[in-house]
Structures are given as C-alpha cells and as structure tokens.
Amino acid sequence: MINSKTSDKVMKGVFWFSALLIISILFLILGYVFVEGIRVVNLSFISDMPKNNWREGGIYPAIVGTFYLVAVALLFAVPLGVLTAIYLVEFRKEDNLTSIIRISVDSLNAVPSIVFGLFGLSLFFYYLKDFTGGPTIFSGGLTLGFMILPTVIRTAEVALRTVPLSEKLGSYALGATKLQTISRIVIPSSIPGIITGVILGFGRAAGETAPIIFMVALNPTMPEFPYLFSQCNALTTQIYYLTSEAISIERAFGMAFVLISIILISNYSARLINKYLARNIRR
Amino acid sequence: MDDGNEIEIRDLNLWYGDNHALKDVNLDIRKNRITALIGPSGCGKSTFLRCINRMNDLIEGVKIKGEVLLNGENIYKKDVDVVALRKRIGQVFQKPNPFPMSIYDNVAYGPRIHGVGKKELDGVVEKSLKDAALWREVSDRLEGAALDLSGGQQQRLCIARALAIRPDVILFDEPCSALDPISTHKIEDLLQELKKKYTIVIVTHNMQQAARVSDYTGFFLLGEMIEFNRTRVLFENPEMEQTEDYITGRFG
Amino acid sequence: MNHQKREDLVKSVLFVFSITASLILLLIIIFLFNEAIRLFQEVSFLDFLFGTKWNPEQGLYGAFPFVFFSIMATLGALIIAIPLGVSCAVFLAEIAPGWARDATRPVIELLAGIPSIIYGLFGLVIIVRFIKVSLELATGETILAGSIILAAMILPIIISISQDSIESVPKSFKLGSLAMGATNWQTLRKIILPTALPGIFAGIILGVGRAMGETMAVVLVLGNSENMPEVVKQLLGKEGSSTVMQLINQVPEILFKPGEALTSAILLEMGPAQVGGLHYSALFALGVILFCITFVLSVASNYILSRSQISVR
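Residue numbers (numbering that gives the first Met the number 0), protein chains in the order written: chain A, 0 to 282; chain B, 0 to 251; chain C, 0 to 312.
You can trust all of the hints, since none of them are fake.
Derived pair list, reagent style SDA-like, types lysine to any residue, alpha-carbon separation capped at 20 Å:
id, chain 1, residue 1, chain 2, residue 2
1, A, K11, B, L57
2, C, K52, C, Q40
3, B, K126, B, K195
4, A, K167, C, H2
5, A, K8, C, R188
6, B, K30, B, D214
7, C, K170, B, L146
8, C, K10, A, F90
9, C, K189, B, S101
10, B, K30, B, K194
11, B, K30, B, R165
12, A, K4, B, D56
13, C, K4, A, F90
14, B, K77, B, R53
15, A, K11, C, L192
I should point out that these hints are in silico values taken from the structure, not numbers from a laboratory.
Sequences and hints are given; from them, build the entire structure.
Shown next as structure tokens:
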C-alpha cells in the first residue's frame, strides 16, 4: 500500500502548510501596519491636537475619546455581565428561562455591528435625545456596552464554572451560607478568568467602528464637562474617515498602529495578570 | 500443534520521561496459544502489551530499548512499517470502542483501508462476525448503528473488526473489565475458538480469568516480569515468593 | 434578616440583571422593525427583498443587489476559508507537536482580535492594489478582494470551533483505527472528520454570519457599486430567458467587478438619508434583513453544536 502511505505524507504537508500560511497572514498584516505606522508615529503624534483636518499634528483626541467610550462600555457591561453569569451558574438550575437567556446571549453576540449602530442611532440619537444629548460619549459607550455584554457573560460563566465543586462543598460543610460561599470562595477564585473577560471586552470595544460611527464627531473634539454627555472622537472611526475620504492614508496607518498596540498590550497584559493571579490565588 | 514462538521479547526497557516503567523484560509468546499477563494495576502489563504493536509510539515522551522479534524480525528496527505491523497484530481495547457507524462498516473498516475489493467485502464481514460469535445476533441488522449494541456485543464487534484484517496475533487489553459476567463468559469461550487460528496475548487483572483461559501466564510487578510459566504451573506451584503472595491474595 | 431571606433577595435582584441581554435583544428587534415599518407601508416586503433597482431619489427600494453581493462575497470567502480553516484545525488538534500548537494558538487569537477597520485598511492598500495590478483590472475594488479579506476574518472562528469538535472525538475511535493499521490520514478522513462534521459545519455557519454582518472591511474594499450583472437581473425579471448555466459562466465576471454589500449600503447612505424619511426607513429595513439572516444562522449553529455535544459525550 504505497498509495496510502504517500497520501499520508502529502496530507501531513498540507496541514503544516495551512498553519504556516495562516501565521504568515497575521505577520503580513501586523508587519505592514507596523512598518507603515512607525513612519508617522512619535510622541507628538500621540499627544498633540490635530491640525488641518487631521492632516497634521497629533491624534490625541481620538485616543482619549476611544478610552472614554470603552470606559463607559465596560462600566455598563462588566457588572451586568458578571452578575448575570453568577445568576446563571450559582442560582438557577438549567431550565427554560436559562436557555432563553443563553439563546439571547448567543444571538446578541451574532448581531452584526452595523445593526448595533442602527439600534443606537434610533434609541439614543432620536428617542432619548433629550436625555443623552444625541451623539455623546454616553450614547456611543452604551452601544458598545450592549455589544460586548455577551463576551463578558460568557467568559465570566466559564470562569465561575471552573471553581471545583469540592471547594464549594467544603465551604458549605463549614456552615457557610450560599452567599458567603459565593463571595468568599467562588468569586475570588474566578477573578483571573473574569479579568480575562474584561480585557477581551476592552479589546473588542476599542476596535469596533460600525456601532459608534453615527455617534462620534469627525472634527477634532475634546470631551468637556459634563464628560459623559459631551462629544468625542474615536480611533477606529477616524481611520475610516481618513481612508474613505482619502485625506491621509499614511496617518490612517499611524492610527492603526496605535490602535493595534493598545489591543496587543491589553491582550498581553491580560495573559500576564491571569498567570500571576492564577498562581497567587489558587495556592 | 505447537509450532514455536510467534513473538520473542528480548531485554525490553521502557521509560515514560524519567519513569523507568518496564525493566529488562524477556518473554516468548507461543504460536496459537493464549498468553496471559497478570499483575496489580500500574505494574506495566498494559504498557508492555502496547509495545508489541507499537501503540506506545503515539504517546509523547516514551523511550524504548531492547528488541521485540515478530517471527524473528525486530519490530523496532528503523525501517519497519508500523502501519503494516499493526495490520499483522490486532488489538482489542479495554473499553469497547466501535466507530460511530453501522455494524457492517465497522467490520469493513479495516479491509477497506487495506484495499479489499467490494465483492469480497460481504464475505469478509460475514466470516469475521461469525468468528467473533456475533453473526447470529446481528445478521439481520448489519446496517444498524454499532453504538446501539450492548456492551458485550460491542466488544465482540471490536473483536470481529480486529479479525477482519486477518492478523497473526491479537492483543487483548483487559477486554472484559467493562462487561457483565455473561458477556465475559461469552468472550472467554470465544478466545478458546480463536486460539486455533491466532496467537493471543491477554492482559487481565482477574486472576481467575487468566487461570481459566490461558496456556501461559506472566506475572508483572513494578515493571518487571517476575515469573513466566505454563499457567497451571504458575498458579499451582509458583517459584517466586512474590508470585505466590499475589495469587494467594496477600497483596494486589 | 435571616440568611435565607437575604439569599432570596439577592437571587431576585440578580434575576433582574440577568434578563438584560434578552431585553437588549428584544429592544433591537423592536427598534429595527419600528423604523423599518414605514417603508413597508409604501413598498411591499417582497418588492423590497427581490427588487433589483435601488434609487432613493426616484423612490426605488429594491434590496436584492445588496443581498446578492453580500452572498457572493461570503461564498467566495467560504471557498477560501473552509479548506484552509479546517486543515489548520486538523493541524492544531491532531498533527502539531506541542511547540507548534503553542505557537499557532496565539496567532489565531490575534487574528480574531484585529479590528475590522484594520483588515479593511490592509485590504484596500495591499489586496486591492495587488488584484488591480496582477489581473490588470480597471479597479481592484472587487468582490474577489472582499472575499479574500472576509476569508481572513472568518478563519479564526472556523478554526476554533472545528478544532474543538475534532478534539471532542473520543480518543478510543482514533486508537481503534490506528491499531488496525490505518494511516493517520485514513483515520482522519474516515473516522475523525466524519464524527466531527456537525461541529465543523456549525463553525462554518457562524463564519457565514460573521461574513454577512461584516461592515468596515467590506465597505473599504468592495468598491460600492450596486449595479448587478445583467444576467442576474434577467434571471429575476420576467423578461429574462437566461439560464442558470449562463449565470455560472458569469461568475468570473462578477468576481472581478465591484459590488455593494448590505452593511456597506447602511453605512454609506445613513449620512445623506433624512431622519424619519422613507430612505432612512429603508436603511433600517436593510438592517432587518441583516438581523434576520444572522439570527437564524446563529440559532442554527448553536442548535447543531448542542446536539453534537450530546451525541459525542
């Protein structure tokens, strides 16, 4: 059976090749953004106000705006997501209601980002305009928060489920109540997983464009008091603006470089924090 | 009809990383006989069994020294075709592991991959199922799912599957440990039939089973082969003290 | 307050929080339909879905060109991403030695973490230019460019779900096959892949949903022209006498032409559209189509995944 042995070898080569191809796609994208971006990025690019319709100067407002938007998104999604996960894991047996919640979470996760944009537009921009002030940090941040809620719920759920039953039983056996067990045993030992979820949500929110594209200003804008209800810029939407209006592709790459760096650093620190906490919390 | 040794093991040593799991094992396995390997769990008997068809190759960090001679040829030589080797040495696992397909396709799986044509396939399947004493129970539902069979039937299906590739040797790794007494009894009867055509090595931690079915028995302890002899001799008149302790139930 | 009462209180508070996700989903549906309904008072749903002319100034709202281009770009992406993604999943689950797995896994995570706008930027500057130069086209902003970028974007989801389902195939199946002298490839093709197939399929469906819903990358590389090839129009129109074969013959032509996806249309036209007007409402109606497609795909894929896990474990 020379045949079957040759095909075995050929296929093994095919599998190695496909993995190498995918790795090279990543490095091609990252490398290109890096090479193009490093040409325009320097300290003043990051810390200065833009001039001449973003053609010169820095991109400071876009960076600040992105952090404001993401902060609002996380303030909404993290407490809500973690509490939902605690309810699903610790307080409720699997029944119709939990499966409805789960289907909702999965479906919400699959909703296209532009549809979130439409929803935010209709809800915050028009129906609640008197309260939100239209396109503000509040509106954009909450829209992003809706979007990353499923990510936070899922990762928190996974983290909570990894707490061994034996630890919980041990706590109950010492006469602890359910609430004590959850707050003293379950939550502390799932903190690393929850932090991972928060940072994943951070990266996702920082990189989204379509949900906030109707919610941010394109002219350089620094948030002012009251911050929550003032306008802002964002990195992603500015990249789109500079590219689609052919204002400056070079500076779009500079922003892409900054954006990718923020996401890479946050992902990497998530891994570090996770490792550190996992060592120190679990014995 | 004793025609000599099918397999000869010479100074076999095996390490899992730093753990020296098999130490200087020497053993002759006779053709058309049933050789049983007994010993407490963790003594290396299953590891040893997997050396015979090189299934240990699939475990990372395993290092092997020594020779396993199949009809005089060392299966650990460099240019040995492992796939062809496994075709000559079938294996039946501890837990029945039929594939998630029909009964027919399970048995036909081996012949198909080894290039048996469509015309002969029906005959091979029927013969294998008959030899595995399963034909009467399943002949009317060959297209049914194998996973719907009972545990004992599944294990006999796995035996039929092994027979279908026409091996010389069949390795049984505790084939009855997951089965009820009646299914166990059926498989033990089957072994007696099979040894007329095949050389059989069976690992078991059930000493009564070894005494009932085998012609030769080897006793393993902590990776060493303590004693090897005709089954009756080993059980009635063991030479080594450890063997006697084990078979009289003083430890194990 | 005793601890039982306190526990019940906490439980009901958490219950209120935990229905937020369902509530948001419900609100999305209500708001989309609420805005879209004005269009359907003027244009029938079927005319909207299968109409081939989109011209808001003339009051023509036929969404089919956008649906068509979204589907074409997605199909193209699948043709690239399925073989590549499944073989990479096989590599990770079955072939790769430890170090190669450790090296590849973060790559897949990073690929999933790159923002879509950056895929778009990269696609516009590299892929679009490459297609234009190498195929000598008038413009590189084509369905093909969209397919390539979408393929890269859906690879991570196809890989991770396929890898999970390949790894959940019981080890005993594999050992059983290898012990019978099957080669690795035979074992993979005849035992492992068929068993893992439902999971792989579910991953592909999720990938389709991602591709259909992707906005920023698509809007930058697709060229944004809603002109469908004549053959497709004829197929839909009553005057058409063309056959499916003719359509298939035109596939290369379609691939190398610009198109405009559902998502792009919403994004590009929301600016000029007047709030509360018919055009504005029609864009929400496009959102309804998009939402329905991705909702059905997501439910289907999760259903398949939950079923396949039961049968395997």
